[in-house]
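A.B. asks: Sequence:
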Amino acid sequence: MHPITVTIQGQRCSPDLSLIERLLSEHPDWGRSRLSVALCEQWNWRAANGQLKDMACRSLLLRLERAGAIRLPPRQRKSPNGYRNRTSRWVPHCSEPMVGALKDLRPLQISCVENASDQDRLFRCLLNTYHYLGLRNTVGENMKYLVYSHDGRLLACLLFGAAAWQCRARDAWIGWQPATRERNLAYLANNTRFLVLPWVRMPHLASHLLSRIARRIQADWRAKYGHSLYCLETFVDSTRYRGVCYQAANWQRVGESSGRSRNDRQHRLRVPRKAVYLYPLSRRFRAHLCDDT
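Residue numbering for the sequence shown follows the working numbering, starting at 19 and increasing by one per position.
One thing to keep in mind: the hints can contain errors.
[Stated by the list, open to error] Restraint-style ranges between C-beta atoms, simulated for each label pair: (1) Arg124 x Ala85: 20 to 30 Å; (2) Lys242 x Gln195: 46 to 56 Å; (3) Gly244 x Tyr166: 48 to 58 Å; (4) Gln127 x Tyr259: 19 to 29 Å; (5) Leu120 x Arg84: 44 to 54 Å; (6) Leu41 x Tyr150: 35 to 45 Å; (7) Ala187 x His245: 18 to 28 Å; (8) Pro46 x Tyr150: 41 to 51 Å; (9) Ser43 x Gly170: 47 to 57 Å.
It should be emphasised that the hints constitute simulated quantities derived from the structure, not laboratory data.
Source: prediction; values computed, not measured.
Where is the CB? At the ideal position from N, CA and C, for every residue including glycine.
Generate the whole structure from the sequences, applying the supplied hints.
C.D. replies: Laid out in structure tokens, this is it:
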């Protein structure tokens with residue numbers, strides 16, 4: 019059986035196809051999830067925090083199947099992800115207008131949202147109701163935040179997830195070559211959703227929240243995933259927004275996207291061009307992100 023090499027989460031790997039075939043043969047009753055967990059355990063494929071890299075392994079299996087290298091058992095449910103194709107439930111929340119000064123809200127309460135919690139259901143409801151992109155699902159490493167005023171009134175929600183696979187303006191600004199980018203992409207996170215709730219009218223709130231999150235996200239990410247972040251990115255649709263809050267929070271505009279989807283590796287998906295903003299989390303961010311060791 020000829021070896022095959024694939025790139026998963028920026029890392030090249032040559033999976034043991036004979037082990038996959040043996041497990042499939044010995045356990046015909048296994049579904050894809052059980053197979054993925056078993057492979058992670060056999061390969062000791064874990065994140066820095068010790069958790070099995072189950073989602074990365076599932077992605078690997080799907081790619082191998084598409085390449086014709088293996089044949090997976092039929093899916094045991096309609097979607098491999100429980101949130102995909104599922105509309106979020108309505109969660110009651112207060113939407114009374116809030117108008118005033120930022121000082122009237124302090125001290126702000128910033129809460130990290132745990133998956134499948136009541137806060138997670140609220141988070142999804144808010145984005146699917148009030149954000150123009152909505153929210154289908156989160157895959158891989160991500161961090162969700164809900165922000166409240168000092169008296170518990172909802173203000174905003176933010177989502178950070180995996181960085182775009184490639185972006186010419188970003189990669190040039192960092193100094194990335196393809197191999198280095200693949201190796202270190204996990205140390206950069208994308209602010210994929212930022213929503214100040216529509217009934218909240220507070221000058222400077224958005225930029226203040228971006229600054230607050232930037233000061234804490236390294237510690238939050240390290241606690242959850244066992245590794246640091248060195249830079250944040252976001253893509254702003256200039257036909258809708260001017261990116262003023264990012265500019266006010268000292269994010270740097272480094273150029274424009276090429277008009278492709280953030281994970282479009284085949285150059286087939288066309289989307290509006292977006293302004294690319296980056297925010298270094300360390301003075302030595304380039305040294306970390308361009309480390310070839």
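A.B. asks: Broken hints, numbered, in rising order?
C.D. replies: Hints 1, 2 and 3 not satisfied by this model.
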